[in-house]
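These protein sequence lines map, in sequence, to chains A and B.
At position 73 of the first sequence the residue is numbered 73 (the working numbering), and the sequence of numbers has no breaks.
At position 110 of the second sequence the residue is numbered 651 (the working numbering), and the sequence of numbers has no breaks.
To be clear, the hints were calculated from the coordinates, so they are not data collected in a lab.
If you're wondering where the values come from, they're calculated on a predicted model, not measured in any experiment.
Backbone N, C-alpha and C define an ideal beta-carbon position, used for all residues, glycine too.
Where hints are given, some of them may not hold.
[To be verified] Subject to a maximum C-alpha distance of 20 Å in a straight line, what follows is the list of computed SDA-like cross-link-like pairs (lysine to any residue):
no., chain 1, residue 1, chain 2, residue 2
1, B, LYS815, A, THR415
2, B, LYS815, A, VAL431
3, A, LYS134, B, GLU590
4, B, LYS815, A, LYS134
5, A, LYS496, B, ARG549
6, A, LYS99, B, VAL570
7, B, LYS815, A, THR386
8, B, LYS815, A, HIS413
9, B, LYS815, A, GLN443
10, A, LYS99, B, TYR583
[What the hints assert, rightly or not] If the Cβ cut is set under 7 Å, some of the chain A residues that face chain B in the computed set are:
no., residue
11, ARG145
12, THR148
13, THR533
[As the list claims (entries may be wrong)] One side of the interface only, derived from the structure: several residues of chain B facing chain A at Cβ under 10 Å:
no., residue
14, GLU594
15, GLU600
16, THR624
17, TYR694
18, ALA758
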Amino acid sequence: MTRRRIVAIVLAMAVFMSGALTGLVGSATAQEGDRPVLRFAVNAADLASLDPHFASGTQDRTVADMVFNGLVRFVPGNSAEIEPDLATEIPTPEEVDGKQVWTFTLREGVMCHPSAETEAYELTAEDVVYSLQKSAVPDRSAYSRDYTGMTVEAVDDYTVAITLDQPLSETLFLPKVANYSGGFIVCSQAVEALGDEAFRTAPAGTGPFMFESYTPQNSVVLTANDDYFRGAPQLGGVEVRYIADPSSRELGLQGGELDLAAGVNEAQWVDRINAEGNIVADVFGVAEAVWVNMNVTQEPLDDPLVREAIALAINREEHAALRGEPVSELIYSVVPAQLMPGGLTMEEAEEAGVLYQQDIERARELLAEAGYPDGFSMDLITSEMTDYAANYEVLQAELAEIGITLNLTVVDHATMHAQIREDVNPIVIYVAFRPNANVYLSQFFHSDAIVVEGEAPITNFSHYSAIDDLIEQARAETDPEAQAELWKQANIQILKDFAAYPLYMQNLVYARVPELDYGHELVSSVALYPQITEMTTLATE
Amino acid sequence: MLRHIARRLLLAIPTLLAVFTIIFIIVRVAPGDPATAALGDYASAEAVEALRERMGLNEPLWRQYVIFLGDLARGDLGRSLITETPVIDQIAFVLPYTLELAFAATLIGLLLGIPTGVLTAVRRNSMTDYVGRAVSLVGLSFPAFYLGILLIYFFAVRVRLFPSVGSAPFSEPAQNLHYLILPALTLGLIETAYIARMTRSVVLTILSDDYIRTARAKGLQEKVVLVRHALRAALIPIVSLVGIFAISLIGSSVLVEEVFARPGLGKLMVGATKQKDYTTLQSIMVVYALIIVVINLITDIVYTYVDPRVRYG
């Protein structure tokens, strides 16, 4: 090959490259017709299930929120409030033969999305009955436990009656029929035509966006549902991309490839992103609570003096500093008072004598009193995830101050979840959001839920059984204020018995381009993302 | 040659069987439960148990193994435990992206690495040599994911020449190429460093051989000596090593696919590992094992073309 030929080839390649790049670079937004398509990266490698009754990961809740509705809904951006969704209004319950009946009137003209096997059709009471019944079946729903003791009947095409064997307050009942978990209403004809398996990757609901396609490990594409009952969406669609690496999501936003992305739950990250100017970081609820569970039946933690010593060795501010304000906020009961009724504020905890601030000297005295003047050692496992590993390490340092040695073994996250349910850890640090105080208390502190040994083992890691009555009384209480008071009493008792020690709660962090307007104020979201609705806009140049 | 290929393929069967068995055991020995991973920690015990049953995880291990081998023999890679989509479809979708990336990176490695290696060998102990060796040492020491982030930062964020993350379908070749360049450069530059150092060392050895001295003594031009004699002989070890590099490239692509959020076998594997998706994970491993066998076979065949002394009966 002559030098001239080599030069010619190089020049030809340069021309090709520049030609290829022209027109490709700088596409700041994607378009669907005359409306922009939102490019949204979630923190996951792939979906797990788009059937809303199995959607538990944030990445799946996100899609379910855009595709489906409930009879009622958490107000977008403010999940402390509930308003009608598919129903025309929130009914007042009636008592019939000792049972409680909630009768919902449905909106007329709500259209189910078309699916691969079905045309679009009008949603009726039959769909609602089918959907809530599906939510109650264990192999068709991950939330079946929440729908037992519930009978659902279609009174006519637009009226649904829900009868509860055990009357519930609206605080406990409405979330069951809201746009969350088993409360999402699926379109029965689509589920029946597609089958449960296919429905998990090709859902059909009534929401502002319709499922269009799924590319494994890559993306889900949603298009605008122009027949949406609240009006056609301002966006042409949403492309949900699965990007597990936080740096890639950030670079995707900065490089103009993304409009919205899951962020990093750290105050430093939020400050850095906001300082850069071209991206905005949003911090909002709902937050996950972080707390320490202590096994009250296992030596040496079966001695309340030892548990009290541990509680007095802990400085919750140090744990909260792992995330930093405003991402983390201190909590004074496992049920976060900031998020739901039944939690304790700092003042309430102080008044009840269960605030427990760090006091190393007193902790050492208590340990000596309990017969452990030189402390003791304990083997614990932790997940590799920062939320867990870092909190265990801080706890390790705190307990070392009073002579307790924690030997930590790091395992992968799924393994930790599996093993703590097999009762391997006498001390369990847990990070979780639950929709109300009843779920927090029932799953973590009712004796039925004791891991391994309980009647229906869930996540009672502390083997605590002293507040069963309070939990059950509160569950049956239909007056919301009296109910919240019972939950507060339960929280106080947990702290008095040192079964758990609340640390902090951590808010959600997302980052977006400034051109993206959610269309609502963003305070909190049970969907665990900022919520994209028909009102969301993305300004284009 | 055909007989040789057939014999190599037959010999690969026990190797693959051993690999499949090890993979089957490893993915199941690792603690963690796919049903819990899929449903999350809020799910009821009944729901988790129902899903375990549907996933076939309650079957005895030996039966799962027999089913796995039987399906494999029929070319059925099964369905994802999590999404229940056929694994073969997932792999068929992502494999071209991984192969495209590995091919482009190897091409960059060869196009930049061989000339750099030859140049540094011919100009041994000159400034060109020192700079070439220093740069390739940096390339060898650079982790792929970090180089990827640096390239994104400079060429996608600071100067918006290329897209930062994602990919484009093959039906849009210009877009596809546009998305390919940065990931391919990430792997290709590291590949360049390996090939340059190896080429330099091979060429240096060959340049001191007797036949090169003879060629020079015959009065041949240095360019002819280098290209017709030295480089031809150097290609033999380079080809075999490029085969090995190609295999390691497919491994390195895991990180690059993660950083660039590109579809690919590596990204699929990481996702399946996180979700404890046994069937997808073991099928990807099977495909990796097959790719390695095929690359070794191709390397053998290319050998016969570059080295006339090698002949298979």
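Going through the hints against the structure:
no.	hint	in the structure
1	B:LYS815 / A:THR415	11 Å, holds
2	B:LYS815 / A:VAL431	19 Å, holds
3	A:LYS134 / B:GLU590	17 Å, holds
4	B:LYS815 / A:LYS134	28 Å, violated
5	A:LYS496 / B:ARG549	72 Å, violated
6	A:LYS99 / B:VAL570	49 Å, violated
7	B:LYS815 / A:THR386	16 Å, holds
8	B:LYS815 / A:HIS413	9 Å, holds
9	B:LYS815 / A:GLN443	25 Å, violated
10	A:LYS99 / B:TYR583	27 Å, violated
11	ARG145	4 Å, holds
12	THR148	10 Å, violated
13	THR533	24 Å, violated
14	GLU594	8 Å, holds
15	GLU600	17 Å, violated
16	THR624	5 Å, holds
17	TYR694	7 Å, holds
18	ALA758	27 Å, violated
Going through the hint list in order, the structure does not satisfy hints 4, 5, 6, 9, 10, 12, 13, 15 and 18.
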